[in-house]
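> Can you join these two chains into the complex? Each is in its own frame, and there are hints to help.
Protein chains in written order, with this note's numbering: chain A, 1 to 130; chain B, 1 to 113.
Certain hints may be false.
To be verified - Pairwise CB distance ranges, derived in the manner of DEER restraints: (1) A:V5 - B:E22: 32 to 42 angstroms; (2) B:V14 - A:A114: 42 to 52 angstroms; (3) B:V64 - A:P58: 37 to 47 angstroms; (4) B:V57 - A:V124: 49 to 59 angstroms; (5) B:E85 - A:F56: 44 to 54 angstroms; (6) B:R48 - A:V112: 21 to 31 angstroms.
Simulated from the structure, these hints should not be mistaken for lab results. Glycine residues also receive a C-beta, built at the ideal position from the N, C-alpha and C atoms.
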Amino acid sequence: MIEFVRNIRLWFAPEQVRREGGTPDYRFSLANERTFLAWLRTALALVGGGFAVDQFLPDLRWGWRVGLALALLAAGVLCALRAVNHWVRCERAMRRGEDLPVSRFPALLGVVVALVAVAMVFVVLVGWDT
Amino acid sequence: MSAGEAAGAPAGPVRDPGLQPERTRLAWRRTTLAATVAAVLAAKSALRDGVSVSGAVGGALCCVLWLGFLALAHRRIRLLAASPEPGAMAPRHAAAAVLVTVALAVCGVGLLL
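Isolated chain B (complex conformation) (with noise of 0.2 angstroms):
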């Protein structure tokens, strides 16, 4: 902080000169890609044996899970922009998006089986 003002005033809102936000938003956007790419094979997966009702009910529970993955990435993406020095992470966030992850792999034992 310290540095940008002593650099000359900047012009927009005080930038963190380490770019830690932009890299929590960066962190949260590659893991939102792993999860697609998991959400994606399970869906193949669950598609693999032509469309059956467990099939289809299996592959629609991974896209809901992939939307609430792509909910909590979003929401935390938009509290990190909201302030120049964000908070820490509400656990609870962090609880919801490791469920997630964890029913992803519930759902994928449920369609091996």
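Chain A on its own, in the form it takes in the complex (with noise of 0.2 angstroms):
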């Protein structure tokens, strides 16, 4: 968490980023910037699903309906950030050559969607306002 405040600065300081180290080959920043792309989409359509749960599923109860929406759009930000947070991190190892930092978050967000789609069957079963 600490070190993820630090990388802040980082984000808009290219200079920063561009003194350490030496310039990898372009095509492993390209890769890295399409990591962050997927990660990108990852995030929008978890924020495109939040929109999507408040206005597809109204005859949900309110409760339900805005705390999944509310879940689903956390996600989205909580990915974004972690995606140019990630980028950053890579980049710099590149530059600094060492090794890709390694990270708890894919299996985390594979967790949380795994546990979101149990509370949607949950939801459809049980939840319905009729």
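Encoded structure:
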């Protein structure tokens, strides 16, 4: 978490990233960029899912509907912030010639999505406000 | 690069055999598409309960955010096309794309509550 805060400064300071180490092969940087974009798409899908839950499940109880939508939106925000953080960390690691950073996040997101899916099944079976 | 030269002088500018810039450009396009879907859902959610002031403001904000993302993607794609070996994306650029996503989600929270 502390490292995350320290990295935020790097997001807005390209010269600081560029000062370290050597420039890696441009293809590695582009691959890193595509990974970042894939995570950003995941984040956008989560945000879109939040809007969709709000709109397309109008018969759901207010609490369930808003809770689920907020959870998806929050997951989207988290995913987006983590995407740029991970991108910066990978870029720095490549410049310094270090190992790429490992991350618990994909496993975490997978578990959360699975939990939301189970919650969704539960909600569809029980939560209808009839 | 060297493989292209060995196979005979290429007519146009030197092209990466792995098509990395093109793949990155398409990744930006896909991401723009995802942003469009999210923005359309947001605008629909903003205008669901008829036209209200807060709904109109929220919808307009989502449109502005979408235009912002489009501009970011367009700038990056032009940078990618400008040189045969494009440099890494500026961190500020990545942060701006992420901020648009976060702002869209914040917009959604505002529309929900």
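> Hints first: check each against the structure and report whether it holds.
Hints, verified against the model:
1. A:V5 - B:E22: 32 to 42 angstroms: For V5 (chain A) and E22 (chain B) the Cβ distance comes to about 36 angstroms; the hint holds.
2. B:V14 - A:A114: 42 to 52 angstroms: Given range 42 to 52 angstroms: holds, Cβ gap about 46 angstroms.
3. B:V64 - A:P58: 37 to 47 angstroms: With a Cβ separation near 27 angstroms, V64 (chain B) and P58 (chain A) fall outside 37 to 47 angstroms, so the hint is violated.
4. B:V57 - A:V124: 49 to 59 angstroms: violated (33 angstroms)
5. B:E85 - A:F56: 44 to 54 angstroms: holds (45 angstroms)
6. B:R48 - A:V112: 21 to 31 angstroms: holds (27 angstroms)
Of the numbered hints given earlier, the model fails hints 3, 4; all others are met.
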